[in-house]
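Protein chains in written order, with the numbering used here: chain X, 1 to 354; chain H, 1 to 354.
Mixed in with the good hints there might be a few duds.
The list treats identical chains as interchangeable, and a pair is accepted whether it falls inside one copy or across any two copies.
Stated by the list, open to error - Cross-link-like lysine-lysine pairs, in silico, DSS-like; alpha carbons within 27 Å at most:
hint, residue 1, residue 2
1, K352, K225
2, K204, K259
3, K51, K226
4, K108, K20
5, K123, K284
6, K249, K284
7, K135, K154
8, K225, K88
9, K109, K204
10, K226, K108
11, K2, K216
12, K209, K109
13, K88, K109
14, K123, K226
Hints in this document: simulated from the structure, not taken from any laboratory.
Single-letter residue listing:
Number of protein chains: 2
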Amino acid sequence: MKVHNFSAGPGILPEEVLRKASEAVINFNNLGLSLLEISHRSQDFEEVMEKARGLVKELFGLGNDYDVLFLQGGASLQFYMVPMNLLKTKAAYINTGTWASEAIADAKKVGTIDVIASSEDKKFTYIPKKFTVPKDADYLHFTSNNTIYGSQWKEFPKTDLPLVCDMSSDIFSKQIDASKFSLIYAGAQKNMGPAGTTMIAYKKEIMGKTGRSLPKMLDYEANAKKDSMLNTPPVFAVYVSMLTMEWLKNNGGLPWIEKVNEMKSNTFYSALDHNPLFKGTVEKEDRSQMNATFLLKNEKLEPEFDKLLKEAGISGLRGHRSVGGYRASMYNALPLESVNVLTSVMREMANKFG
Amino acid sequence: MKVHNFSAGPGILPEEVLRKASEAVINFNNLGLSLLEISHRSQDFEEVMEKARGLVKELFGLGNDYDVLFLQGGASLQFYMVPMNLLKTKAAYINTGTWASEAIADAKKVGTIDVIASSEDKKFTYIPKKFTVPKDADYLHFTSNNTIYGSQWKEFPKTDLPLVCDMSSDIFSKQIDASKFSLIYAGAQKNMGPAGTTMIAYKKEIMGKTGRSLPKMLDYEANAKKDSMLNTPPVFAVYVSMLTMEWLKNNGGLPWIEKVNEMKSNTFYSALDHNPLFKGTVEKEDRSQMNATFLLKNEKLEPEFDKLLKEAGISGLRGHRSVGGYRASMYNALPLESVNVLTSVMREMANKFG
Numbered sequence: 001m002k003v004h005n006f007s008a009g010p011g012i013l014p015e016e017v018l019r020k021a022s023e024a025v026i027n028f029n030n031l032g033l034s035l036l037e038i039s040h041r042s043q044d045f046e047e048v049m050e051k052a053r054g055l056v057k058e059l060f061g062l063g064n065d066y067d068v069l070f071l072q073g074g075a076s077l078q079f080y081m082v083p084m085n086l087l088k089t090k091a092a093y094i095n096t097g098t099w100a101s102e103a104i105a106d107a108k109k110v111g112t113i114d115v116i117a118s119s120e121d122k123k124f125t126y127i128p129k130k131f132t133v134p135k136d137a138d139y140l141h142f143t144s145n146n147t148i149y150g151s152q153w154k155e156f157p158k159t160d161l162p163l164v165c166d167m168s169s170d171i172f173s174k175q176i177d178a179s180k181f182s183l184i185y186a187g188a189q190k191n192m193g194p195a196g197t198t199m200i201a202y203k204k205e206i207m208g209k210t211g212r213s214l215p216k217m218l219d220y221e222a223n224a225k226k227d228s229m230l231n232t233p234p235v236f237a238v239y240v241s242m243l244t245m246e247w248l249k250n251n252g253g254l255p256w257i258e259k260v261n262e263m264k265s266n267t268f269y270s271a272l273d274h275n276p277l278f279k280g281t282v283e284k285e286d287r288s289q290m291n292a293t294f295l296l297k298n299e300k301l302e303p304e305f306d307k308l309l310k311e312a313g314i315s316g317l318r319g320h321r322s323v324g325g326y327r328a329s330m331y332n333a334l335p336l337e338s339v340n341v342l343t344s345v346m347r348e349m350a351n352k353f354g
Numbered sequence: 001m002k003v004h005n006f007s008a009g010p011g012i013l014p015e016e017v018l019r020k021a022s023e024a025v026i027n028f029n030n031l032g033l034s035l036l037e038i039s040h041r042s043q044d045f046e047e048v049m050e051k052a053r054g055l056v057k058e059l060f061g062l063g064n065d066y067d068v069l070f071l072q073g074g075a076s077l078q079f080y081m082v083p084m085n086l087l088k089t090k091a092a093y094i095n096t097g098t099w100a101s102e103a104i105a106d107a108k109k110v111g112t113i114d115v116i117a118s119s120e121d122k123k124f125t126y127i128p129k130k131f132t133v134p135k136d137a138d139y140l141h142f143t144s145n146n147t148i149y150g151s152q153w154k155e156f157p158k159t160d161l162p163l164v165c166d167m168s169s170d171i172f173s174k175q176i177d178a179s180k181f182s183l184i185y186a187g188a189q190k191n192m193g194p195a196g197t198t199m200i201a202y203k204k205e206i207m208g209k210t211g212r213s214l215p216k217m218l219d220y221e222a223n224a225k226k227d228s229m230l231n232t233p234p235v236f237a238v239y240v241s242m243l244t245m246e247w248l249k250n251n252g253g254l255p256w257i258e259k260v261n262e263m264k265s266n267t268f269y270s271a272l273d274h275n276p277l278f279k280g281t282v283e284k285e286d287r288s289q290m291n292a293t294f295l296l297k298n299e300k301l302e303p304e305f306d307k308l309l310k311e312a313g314i315s316g317l318r319g320h321r322s323v324g325g326y327r328a329s330m331y332n333a334l335p336l337e338s339v340n341v342l343t344s345v346m347r348e349m350a351n352k353f354g
């Protein structure tokens, strides 16, 4: 039976990407060797790294004033690396959920952090709209999509400060003006590839201003100087990310995926709002296209719903253990068909118990 | 044609491991889902992580006074994490090559480093034998095997200080008394798995003594508290490491592989010493069983040698770009047959040009 994979991350990847990745584990580029057992300094892998870095620039339309890195440690290591590389005196942060809070906690170990807006007062069910960005901060940090709470920025904060964004869970999901950002980072395992690598794209001019002496691995410029190969990179994760970006590009890039994702999320939210048994957990205008969080109004029906989900082959729909409920993660590679199967199960619930 | 893979890292992995890894990329544990697109919080993956951590303890014979982590960032990130977690006032380091030097450079960013011995005077062609370990240091750090220069410690330094070791390139290659070490770390991509994860095993009692407040991702105890899943772990790299350790265990563990590796390195070095065209670059008593570095006495014969190597399907034999020459990396998964093919090519050279 086909599995409909709504996992919040590591998330669904395109079938052709998985096929190529599986093949490369046995025989990469017809070398008679596995991708896992060749030197990262071989021409074959250096081309993969080059291509991966190039595809980020191409998909985002970024020029040579940007550097692109593929590092390790997840977005969580960036919570520390960003302030270590950019924070001189003070930085402004916006708190919209679990990961934004973690970013703030780690940044506080480096310098003064001004939390200029937060939606914690209403359990992170909305995106703050009114806030003042201090002129004297070194940068403004925010999280474009909140995987756990299911909210998403539809218009990005406006500021003259360098804008820094954790895009882990909605990178490459729609068209954006990436040149408005001074630094974008994203753990690959939601919309860009498998777990095990983190992409960082930054405007070169923002670096080298703190006077801080950094250990090599935490220094963006030291990593850039070595083309993301200061030490052995996470070869397989970079390769699969490259394949996933190639798949995206070959299908029409961000203009194409934006339409696909709009179709999927409109289909889902429309079904949700027309179904008497369920309700969304986030303000309508701030709902995430990637992670739709929702509840059964009557919790007692959960076992019935879970049973139908299982019968329909729907996987990964349970909400994050910290918030409960349900969450439909509709990443780039999720087919519309899977959304349709989910909404029909929800309708079936309404027919039975509505 | 069969390829004989002498790559120094990422290095050769067992065929059955590659087969299982390739299969898991398509369909993991018969879930109908790829290993790359399931939650790291799923029971299926939590079992993988548990098993990987357990196998380290089992192979090393370590008890519950040790914690085992699988993190990201390579051994190079450990160069910084070790002093951040352990260095209060001063630490002692031994410099035996490129990676030992890098470890020293990053540790100096944290505190006072006493380099108590070094083989830099003779281009790292030997292992220092005489040195005094200061009593007032927080720990002693050394590198058990030097991948680039091809030297290896045959007897470990004796000290009452906590002993910390970078075992990246000879971990699980022979029997050792692991309980003598307070902390062992290793990038997986040489003898333990693919690139993308780093194993750290440490005695719990050595932690929490610096008074330093660490960002979460760099804090061993914070990572241990969450069973190496503070954030999304490098799922695939941990899985393949687990498979590789399982392969080792099922074949007889360290007693078995020690014999295999002795056989391979004896075969190689004996052929090297009996061949008039070649010479080893390291003091005989300090030669590495994992990375045998050697030269053609007459450099002009290199193109001839390279041609014969290629014809024989021998891959990855060139020395590190910083030192030149040749290097036969004979990691656990390299079959004796490959060593025999290499030594016969070397004999063929001697017959032609000797």
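**OP:** Against the earlier hints, flag every one the structure doesn't satisfy and list their numbers going up.
**Re:** 1, 2, 4, 6, 11
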